[in-house]
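Asks: The listed protein sequences derive, respectively, from chains A and B. Just so we're aligned, residue 6 is where the first sequence starts under my numbering, counting upward by one. Just so we're aligned, residue 6 is where the second sequence starts under my numbering, counting upward by one.
Treat the hints with caution; some may be incorrect.
[As the list claims (entries may be wrong)] Lysine to aspartate or glutamate pairs mimicking DMTMM-like chemistry, simulated, CA-CA at most 20 Å apart: (1) LYS60(A) x ASP84(B); (2) LYS60(A) x GLU123(B); (3) LYS247(B) x GLU161(B); (4) LYS60(B) x GLU88(B); (5) LYS247(B) x GLU279(B); (6) LYS167(A) x ASP152(A); (7) LYS60(B) x ASP152(A); (8) LYS167(B) x ASP84(B); (9) LYS60(A) x ASP209(A); (10) LYS60(B) x ASP84(A); (11) LYS25(A) x ASP152(A); (12) LYS24(B) x GLU123(B).
Calculated directly from the structure, the hints in this document are not laboratory data.
2 protein chains.
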Amino acid sequence: MPLPPVAGFRWSGVEAGIKKRGGLDLGLVVADSPASVAAIVTTNLVCAAPVVLAKRHAARGVAAAFLVNSGCANACTGDRGRETAWATTVACADALGVDPRRVLPASTGVIGAPLPAERLIAALPRAVEALRPDGAADFAAAIMTTDRGPKTAFAEVPLGRKRITIAGVAKGAGMIHPNMATTLAFVVTDARVGAPVLRRALRDAAADTFNAASVDGDTSTNDMIAIMASGAAGGPPVQSEKDAARFTSKLRDVLDHLARMIVADGEGSRHLVEIEVVDARSERDARLAAGAIATSPLVKTAFHGQDPNWGRIVAAAGRSGARFDPERCTLWVGDVVLLRRGTPTGPEPEQRAHEVMTRPDYRVRLSLGAGTARARHLACDLGADYVRCNADYRS
Amino acid sequence: MPLPPVAGFRWSGVEAGIKKRGGLDLGLVVADSPASVAAIVTTNLVCAAPVVLAKRHAARGVAAAFLVNSGCANACTGDRGRETAWATTVACADALGVDPRRVLPASTGVIGAPLPAERLIAALPRAVEALRPDGAADFAAAIMTTDRGPKTAFAEVPLGRKRITIAGVAKGAGMIHPNMATTLAFVVTDARVGAPVLRRALRDAAADTFNAASVDGDTSTNDMIAIMASGAAGGPPVQSEKDAARFTSKLRDVLDHLARMIVADGEGSRHLVEIEVVDARSERDARLAAGAIATSPLVKTAFHGQDPNWGRIVAAAGRSGARFDPERCTLWVGDVVLLRRGTPTGPEPEQRAHEVMTRPDYRVRLSLGAGTARARHLACDLGADYVRCNADYRS
């Protein structure tokens, strides 16, 4: 399904010759008038040059464009990398006639390799020329690296007397040869939202979606989620608690959809598993337990083998740092109870749980019996293909 | 090479019928007279019944025996598990004519399955009968689960006018179907060492050996390292700083040897990689970085593929929580510098690093350029066989 246009934005994707194998590799999203902007970037200390720029530019609250290339991450590239990130950002700003600080650059692809800035800059006029309201499909294709397919999501919501729309495009599929497969997500909305409200909405919407999704627990040097709001839908700005909550909730739906597509696209993965930890003593405890389960190689290989190995799940929670009494744990796979207050329910439920685990998409729920807090994490299984993809010598 | 006898101790290993496929599965180590004892047990909240007992008994400082079964972990087995752990401990104590609180039980094998206590108890007279000073090989075989072979280590050291010996036996090989492959290590020495000194020596010797070794980052419900000291070598007790340091250093050698054998035995693993992080701001930072590198699936698959993918190594350190400036990092694989103060050294060193990585055993060293602290971690590569071993449905 093509992404419907969002008032105030145009998209494009062109071939700049950055990807070795060819194909679309330069994507552009442009706001017709200055838009509010917010971004979340990787917390990895090893942070790519474009990410540093994008973070700084997003902090100003106003933006005109996202400039994204695939095929080269421009990470671990030192002074030269900083220069090319800035040069390409300036070239894009010039082509659009805006202040360079209103352009958020992003790169994804091989780490440590220099970005061929001249190719990117040479392709910019074509990218600007190609901009159109229904160009999201080209943009989505241009930012892909190891993805099996493009990832887009869309939501509409009535706010006051207006109907606003939110559209998102993402890429990412775990880590694969030869890339650090960066997670990138770009969202645009025609809602009128000031930067402070937009920042909070993005942070809240990412908390249990992008910030609770793992393919392999490794974070990239280039991860970023960014949103621009054009206000082209008209009406008063989103400001009241109620409007902000409704906007955040829809934004969360869009991010959830994109995050699920990314996790489901993990290399060699066949199952998307939603890990839900409930009845924890604190939200921190719930997150620790859910994260430990979602990233445990033992749990993930059991998911791959469709093996209801509840011992591994409980043991992962046990080493997570979350405080609980194992004798009070109850564990479900789908609707099947495998452990009830610390006691295994036996072989027949295990067989039914195994059947649940043959599905492409299911839920594992662990009650810690220690409080009322909860958290969730999106996980995928770990298969031999993941190893095959990641173990090849880069050559 | 068979393990030489250690004065004051006898070992045995017999078949009790606990392992489904048969073979030795009950091991016993007995001190001829009351020995000093110390133990370190899993920090996992989900802790097997025998571990709880062993920890409590070790805290008393005096012990007579280690009682170990393979084939069943007696973990997540509730009240019944606690009863069988206690019943088998009492039966062993009765057979030896000692206080049950002087027996440290340990179990390894399938999680969640009940321990067939009656079989274990029925085999005890044979296990006691079989005890002999040179019985360590049978003991080593009896505690194995998924290990490719027995794991033993031995050291001698002059202390004062005496020559003392330390012998260790371990099992463990990462996590494999259908077990949580527990790490167990049992060490005996004829040195005269009081329990407080023994405890400190064990903790210090484990810090950068057993507590810095990963196959897959998962910790078992049953992990334990325990040591008994008989004093049969004679001479004054190990008490001075100098003697304690010498004893600890030799104990560390024994544990290091055992830990290396365990990591090298990780399923599907072909390479033992020593990760050394130096010039860190604090020891905590060094440990965080070394641990993140050693457990990163991306780094481990690169080791498997003999791929000098330095970006993954530096990025793992970057997300570890250690504080450093990536521009000051220097990275070696073996003696080859791949990154010097943040700048890649190019394709020729990468090719030489690849050659280093074809060896079964090599070192990766990362200088953070942020201080003087250091830490190391033992890691292995992650191959498709690991997934194959761990993904099968338990049936």
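Asks: Against this structure, judge whether each hint is valid.
Replies: Quick rundown of the hints versus the structure:
no.	hint	result
1	LYS60(A) x ASP84(B)	violated, 55 Å
2	LYS60(A) x GLU123(B)	violated, 65 Å
3	LYS247(B) x GLU161(B)	holds, 16 Å
4	LYS60(B) x GLU88(B)	holds, 16 Å
5	LYS247(B) x GLU279(B)	violated, 28 Å
6	LYS167(A) x ASP152(A)	violated, 35 Å
7	LYS60(B) x ASP152(A)	violated, 49 Å
8	LYS167(B) x ASP84(B)	violated, 47 Å
9	LYS60(A) x ASP209(A)	holds, 18 Å
10	LYS60(B) x ASP84(A)	violated, 55 Å
11	LYS25(A) x ASP152(A)	holds, 16 Å
12	LYS24(B) x GLU123(B)	holds, 14 Å
In summary, the numbered hints that this structure violates are 1, 2, 5, 6, 7, 8 and 10.
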